[in-house]
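*Asks:* Each chain, letter by letter, is given below.
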Amino acid sequence: MSTPGILPIPSSKSASDPPVTSKPVSILDNDIARLASNVHPILLVSIPLLSFPRLVEDPISALIGLASTTAVIQLLYCLVCLPSTGQAPPPPLKPGQKRKSVKLAQDLGARLVPALLSLLLSLFLSTPLLYITLILFGGPLTTHLPHTALLALHLALLITPQLYYVHGLDALTWRRIVSLQLPLDEVVGMSMGACVGAWLGAIPIPLDWDREWQKWPVTVVSGAYAGAVVGKLVGGHLVRGWKIKMS
Amino acid sequence: MAPPKPRPPPDPKAQQYALSVRFKAQHALTVGFLTLLLLLHALAIYLFCSGFLLSRLVLPDRSECSIPPIQPANGYVAGNVEQGCWFPKRFDKAVIVVVDALRYDFAVPFEGGSGGKTRGQYHDQLGVLWETSVAEPARGFLRPFIADPPTTTLQRLKGLTTGSLPTLVEGGSNFAGTAIDEDNLIEQLNRAGKRTVHLGDDTWHALFPGSFDANLTRAYDSFNVWDLHTVDDGVTEHIFPLLEPEMRGQWDVIIGHYLGVDHAGHRYGPDHPAMGEKLREMDEVVGRMIDKLDDETLLVVLGDHGMDVKGDHGGESEDEVQAALWMYSKKGTFGRGNGIGLEPPRSAKERPVAQIDLVPTLALLLGLPIPFNNLGQPIEEAFVGAKGIDYKSLAEVGRLTAAQIQRYQGQYSEARKLDEDAASTTRPLWKAAIQQWQQVEATKKASQGALKSTYDAFAAYQAENVRVCRHLWARFDILSMGMGIAVLVGSVALLAAYAQAITGDRAAITPVLLGGGLAGLALGAAAGAAVGYLSSASIVQSTSFGAGLGGVIGISVGFWPARQELRIPYPRTFWGGLSFLTCLLLCIGFASNSFTIWEDEQLLFFLTTFGFLMLGSSLGQPDRDDRMLGTWNSVSFLAATRLASFSRLCREEQMPNCRSTYYASASSSTSAAWQLAIPIAIAIFLPSIIKYFFHRTKNYQGSAVIWIGIALRIGLFLVAGFWILDAADDGNWYPDRSKSLLKTTRVIIAQAVLALAFAAGYATYIFASPFLAVINEPAPTEALSSTSKPVDVDGGPSILTTINAKPTARPKLIILGYANTQGTRYLLLALTWLLALLLLQKPMGQGTLALCFISILNLLEIIDANNLRRSALGPVVLALMGSHYYFKTGHQATLSSIQWESAFIPLSTVSYPWTPILVVLNTFGAQTLCAIAVPAIPLWKVKPTLPGLLGRVAGAVATHSLVYGGFAVATVIEAAWLRRHLMLYRIFMPRMLMSVAVLVVVEVVGVVGGMVGVRWSMGSVGEVFGWEE
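Line by line, the protein sequences are chains A and B.
So for the first sequence, my numbering puts the first residue at 20; every next one is plus one.
So for the second sequence, my numbering puts the first residue at 15; every next one is plus one.
Quick caveat, the hints were computed from the structure, so don't treat them as lab data.
Hints may contain errors.
Quick list of the computed label-pair ranges, beta carbon to beta carbon [to be verified]:
id, chain 1, residue 1, chain 2, residue 2, range
1, B, Glu915, A, Gly84, 50 to 56 Å
2, B, Thr684, A, Pro72, 44 to 50 Å
3, B, Glu579, A, Arg259, 35 to 41 Å
4, A, Ile151, B, Thr132, 47 to 53 Å
These figures come from a predicted structure and were not determined experimentally.
Note that beta-carbon positions come from the ideal geometry of N, C-alpha and C, so glycine has one too.
Can you build the whole structure from these sequences, using the hints too?
*Replies:* This is the structure we're talking about:
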């Protein structure tokens, strides 16, 4: 468990984190990125909307089918719109200075590897963790195994690829992400929105309306997609740069 | 003149003494103020409940065979059971078949598509009742049989045997539960020496323990609604042999209770092939019974209630109250009165009879006295004769029944000291009926019409009487409820202000609040009493309201001098907002029956939300120690919460989406054998886990070693021993050992554990010194190291635990355990309560309660790691945990989930006041444990002499109570608002009762346990480190 009670004072000071200095993430500064960033929420929200009847009717096959679509959308979003880990934001332009044309194709190739890695991490690291999270929140342990697993997969695809892609795997950054210390932007906003949406999506389940769509995990998946889109838009525009003060 | 004496330097001893006196005075006033708030809440709850919970007094009187309520007519001599007690009997024997949930339309033919109704699976399957009534009108009749809500089987059987109306609270009935204390048919059968056999639903045995023939009776569990056939097959298997001629001498009355139709409804709903199949089975069973029936036996088939479109029942909708009644005998004495066709009513709207009408009917047909408290009237068809002209008999049975009702009403008003108003509408009817009877009796040969109108007059009296009773017993007193809500809202708002609005030192403001409150209470009570005395209002009610309102106003006035130190108590921080939002969502959810039903799952959801956010926050802590501490404790908190959630006791409404795990099976209330491993595991591991938390800050010293290491462990092993003996008794593991020996041993063990907890534990708690150790260290050669992490509270200076901080080579005194002196010293109190509370839970509940305690320790560490001591987070999460673990210790927000048997853990007989206290500690064990732990939050790892600590403890206790206060306000208002809701009695009222009971319990425990307890822990720390300035 944790460290024992006896500790020299100086060592505990030296273990402290440096103060948070990071700035909100901006999307890449080119027209394609801007366009894609606007198309992205439309695609994301249309997925559950268009396949909702199938989702209600046969959640497993619908979710399997949707997963690849969402994965591709997220991959393209990372590739086209977001700066990769460690990629320095372009220096601010001096007035009158003309932007140098970016070699887009070359750039894309260099970013494909981190983007694919982000997707793989979402698949093999985030999905199991989110599965455990779902169980802890009261998800069914012994029944509905594929349902819960596919839900975890979709949550992972909505919450994490952009975070891995932008912030990498640095422990300090990730600790700041989970303690909500990073300033809000469309990347963090989308992830938080998906979490909040999934959380809200659980609310209608116990109601005695006897609707087919109340079944596990339809509401949570829908909530996560809606939340991701709302979170991205709100985080990217409305409250961009804000910080949540947890304590 | 002597020179002025120089002022003596302040004597440190005298100064410390003065400070200690001030602490004790402040402490006493704080306890007083929280008690005052508790009193106000109790007054509010009393006012609300006296308007909401309508009660009926259960009278001890019994009808006697030889004492008719009025002289029988025609010189009939009462008192002979063989002839019939008050009236010549018609039948020797009876077979009463209850087909649970037999709705009226199941028994009548389907009539085309009238009213847009389509033919359901349940139509035309059980035709025998209708067909016999039409084909053989003198032998059988069928009528709609209207139930008084609540339409639950238990309540219905009460009505069907006592003839009384259901009310929420039956005052005067026995403490432990369900057995009927009123006069009833079954008891009258026994008194008349008749042998009654019961087959089927075991609810009868809960209602009439020991009343049935021990050899022939077969009871079956009624709980498993998934099983459509076991009960029915059992009844059928055992009922038919009894109908054979050679067995007829063995019994007088058979009660067969079939459950298949009801279970098919619950499981599939009425419109399902399974229902059709079940009804055909019933049709066949009744047909066979008719064949077997002899001439002297009466056959009755009845439904105790109906079912709604989903096959459920409990409420007061038409489908739920419309059952069917069919009576049949080969004697051919039944008839139809004037102007009534031979055909039974086609719908339940025509000529319905009330279910209570069965009681006088059966009593008189079998020659029994009518049960004392019966309110029903005899059913016409049973007495009017085969030709439909025997109005003389009908008038006589009507007169006897009415006279018994009159006698009951007289006794009731006397016992209840009712004024005469209630009888104002019935008395003239009674007089008129009696007068009419006397005229008829005087004439030698009375006309049919005169006799009929006499019968009608008695029936009119009976009907009016039922109406009055229904009105009296089923009426909400809106004024009283409104007064209760007003006082409750006011006093909970004050609690909120006290908990969250004060920015200064709470303990310093408290005396004024207490003074204002007491003055207001006294003035208000006097004013209320005066109003009650002068006007027609009830004096108790007006005094209570005056006192409550006066107290609220008095305390509000008391806040005025301190207005500079107040702020509007809206949430200002992330955690405050989250806590507020969670409580708000729960409060709103109580207005919905679904959320109320699934409250246990919601609490898991919310606690996990808190757990993950605390985990995230801990991971973001810049200090590595804090980070590790918070992270691991958050993980443990999450795991413990989810692990505990596997312990479930499902309520009926959660079916089929819930599986009970609390007991050995869904239909038992004993623990499984494997569950006995839980108390043993607790005894082995729990003390070590607790020790770890003390050890981390070097506080495992002195009395802590004795209590945690030895006493608690012994106590926990005794608890395990108790439950093993209990299982041995239940499972009859040692058939050669007498039951009484096992019981006595068990009771002694339980009493020893309670003595250990409350006598030895409290003595240790009161007299222990803080858990510190002092080490004399010789001059070090290395640079010194501190013994403990510095505690930085509110930006104050870091406290080093070394006395000599200079790194010069000098000997040092090191105090071990300084960092958490206050917290560990107080936590000993929670440990003493923990032992007692664990004893009172079933093995599964002990497991969850132990997890609850570990979660409490985790929470304390998380709050320390994130420095959230002053946030509302801790008290609110503890309140949510209290609620969550309430469900996880085998309880639900229903009256039926109360574990009455827990009263007999340390006792052999019912003994006041211990029995109710034990049941309360079992029921609200989790809330009690969490409430005791609340003061540990502000005390955990703070500087021993932190100023204003007492005020913070009071604030935490008040914040914790505030959560439950909010729940109480929400559920009380919602229950009042939804008082006509179908689910009032099943869902909203039990939840409201639970909320108000929990509020009182938590406040009593918070004051008597926590707030009073702080006096000794802070006192002993003050003695060592000096009192706060």
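*Asks:* State for each hint whether it applies.
*Replies:* Outcome of the hint check:
1. B:Glu915 to A:Gly84: 50 to 56 Å: 54 Å, holds
2. B:Thr684 to A:Pro72: 44 to 50 Å: 48 Å, holds
3. B:Glu579 to A:Arg259: 35 to 41 Å: 39 Å, holds
4. A:Ile151 to B:Thr132: 47 to 53 Å: Roughly 49 Å apart at Cβ, these two residues keep to the hinted range, so it holds.
Of the numbered hints given earlier, the model fails none.
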